[in-house]
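Numbering (the numbering used here), first residue to last: 1 to 185.
Be aware that a few hints might be false.
As the list claims (entries may be wrong) - Each computed PhoX-like pair below joins lysine-lysine, with the alpha-carbon atoms no more than 20 Å apart:
hint, residue 1, residue 2
1, K161, K87
2, K25, K74
3, K74, K28
4, K161, K100
5, K16, K36
6, K100, K87
7, K145, K39
8, K152, K74
9, K39, K74
10, K145, K110
11, K145, K87
12, K163, K87
13, K145, K161
14, K110, K100
15, K163, K110
16, K36, K74
17, K100, K163
18, K28, K39
Said to hold, decoys possible - Simulated DEER-style distance windows between Cβ atoms:
hint, residue 1, residue 2, range
19, R103, A31, 44 to 54 Å
20, G150, R60, 18 to 28 Å
21, K152, Q72, 16 to 26 Å
22, S92, L170, 15 to 25 Å
23, D106, R147, 38 to 48 Å
24, N30, R57, 28 to 38 Å
25, L170, E15, 35 to 45 Å
26, E141, Q174, 18 to 28 Å
27, G150, R55, 12 to 22 Å
28, E68, E141, 17 to 27 Å
29, S117, N30, 47 to 57 Å
30, N121, A32, 41 to 51 Å
If you're looking for bench data, these hints aren't it; they were derived computationally from the structure. Quantities reported herein were computed from a predicted structural model and do not represent experimental measurements. Just so you know, even glycine gets a beta-carbon here, dropped at the ideal spot from N, CA and C.
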Amino acid sequence: MAGFAIARNSRMTIEKLNAYVTQVKLAKLNAADRAKALKLLAEKLNSLSAEERRRARFERSAMGIFEEMTEQEKGDFIEATMPAGFKQMLSSFEQMPEEKRRRVVDDAVKRLREAQSQMRNGEAPGGPAMGGNTGQGLSEELQTKVRTIGLKAFYSQSSAKTKAELAPVLEELQRAMENGRAFRR
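Generate the whole structure from the sequences, applying the supplied hints.
Next comes the structure, spelled out in structure tokens:
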């Protein structure tokens with residue numbers, strides 16, 4: 001019973017993450033303490049379950065502290081947290097039933113095509129249909145870093161079957177890059 005209670009209390013939860021984010025005031029910390037606090041935040045975020053991590057992203061749990069970070073700190077934080085999140089996402093994808101994986105890929109390709117169409121029409125992509133998460137608050141350099149980390153994690157950590165199933169998404173991304181419109185604002 002004691003072991004169970006210890007294990008349950010030592011498990012990271014979104015509530016514990018939120019309490020930590022609320023407690024930390026980066027502006028009041030020196031450089032070394034800021035680095036330590038951000039490293040601990042990354043560790044806490046990485047130790048969340050996939051479901052809790054999704055919830056944290058949806059609730060934008062770390063956004064307050066993220067906005068206080070310097071560009072260098074943001075880059076370091078992204079490098080520390082993104083591979084773990086991407087690995088969780090790939091694992092979740094691989095555990096889905098085949099039909100659901102197919103629907104996810106079809107939906108992703110559909111959204112990419114809609115975004116391309118919006119850009120061709122002079123509209124800003126990434127509205128509600130895209131989840132509204134367009135990298136706001138990140139410099140172009142950090143957005144590029146996010147894409148690079150994501151692709152590296154995809155190629156190094158996903159199975160051959162997952163790579164094959166996600167090939168249509170990558171092909172659509174390739175078309176967008178060849179078109180060049182995705183990179184013009």
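Hints versus structure:
1. With a C-alpha separation of about 15 Å, the suggested pair K161 and K87 falls inside the 20 Å cut-off, and the hint holds.
2. Using a Cα cut-off of 20 Å, the hinted pair K25 and K74 holds, with the two alpha carbons roughly 15 Å apart.
3. For the proposed pair K74 and K28, the alpha carbon gap of about 18 Å is at most 20 Å, so the pair holds.
4. For a cut-off of 20 Å, the pair hint linking K161 to K100 stands: about 15 Å separates their Cα positions.
5. Restraint check for K16 and K36: satisfied, since their Cα atoms lie roughly 17 Å apart, inside the 20 Å limit.
6. Only pairs whose Cα atoms come within 20 Å are accepted, and K100 paired with K87 is accepted, the gap being roughly 19 Å.
7. Between K145 and K39 the alpha-carbon distance is near 19 Å, which keeps this suggested pair within the 20 Å criterion.
8. Pair hint K152 plus K74 holds up; C-alpha atoms about 19 Å apart against a cutoff of 20 Å.
9. Restraint check: the Cα-Cα separation between K39 and K74 comes to about 11 Å, which is no more than 20 Å; the hinted pair holds.
10. Taken as a hint, the K145 and K110 pair is broken in the structure, with Cα atoms around 25 Å apart against an allowance of 20 Å.
11. The straight-line distance between the Cα atoms of K145 and K87 is roughly 17 Å, inside the 20 Å bound, and the hint therefore holds.
12. For the hint pairing K163 with K87, the CA-to-CA distance comes to about 13 Å; that is within 20 Å, so the pair holds.
13. For the hint pairing K145 with K161, the CA-to-CA distance comes to about 26 Å; that exceeds 20 Å, so the pair is violated.
14. Using a Cα cut-off of 20 Å, the hinted pair K110 and K100 holds, with the two alpha carbons roughly 15 Å apart.
15. Restraint check for K163 and K110: the C-alpha separation of about 18 Å stays at or below 20 Å, so the hint holds.
16. Between K36 and K74 the CA atoms are separated by roughly 14 Å; this keeps the pair inside 20 Å, and the hint holds.
17. The suggested pairing of K100 with K163 holds, with an alpha-carbon distance near 16 Å, which does not exceed 20 Å.
18. For the given pair, K28 sits about 16 Å from K39 by alpha-carbon distance, which is consistent with the 20 Å threshold.
19. Between R103 and A31 the beta carbons are some 47 Å apart, a value that agrees with the proposed interval 44 to 54 Å.
20. One distance hint, 18 to 28 Å for the beta-carbon pair G150 and R60, holds here, with the actual separation near 19 Å.
21. Roughly 20 Å separates the CB atoms of K152 and Q72, a value that falls within the hinted 16 to 26 Å.
22. With their beta carbons about 18 Å apart, S92 and L170 fall inside the hinted range of 15 to 25 Å.
23. Restraint check, D106 to R147: a C-beta distance of roughly 22 Å breaks the suggested window 38 to 48 Å.
24. Distance hint check for N30 and R57: the Cβ-Cβ separation is about 29 Å, which falls inside the suggested range of 28 to 38 Å.
25. Under the hint 35 to 45 Å, the C-beta atoms of L170 and E15, about 37 Å apart, fit the expected range.
26. In this structure, E141 and Q174 meet the distance hint of 18 to 28 Å, their C-beta atoms being roughly 22 Å apart.
27. Separated by about 20 Å at the C-beta atoms, G150 and R55 satisfy the suggested range of 12 to 22 Å.
28. Against the hinted window of 17 to 27 Å, the Cβ-Cβ separation of E68 and E141 comes to about 19 Å, which satisfies the hint.
29. Look at S117 against N30: about 49 Å separates their beta carbons, and that is inside 47 to 57 Å.
30. Between N121 and A32 the Cβ separation comes to about 50 Å, which falls inside the hinted range of 41 to 51 Å.
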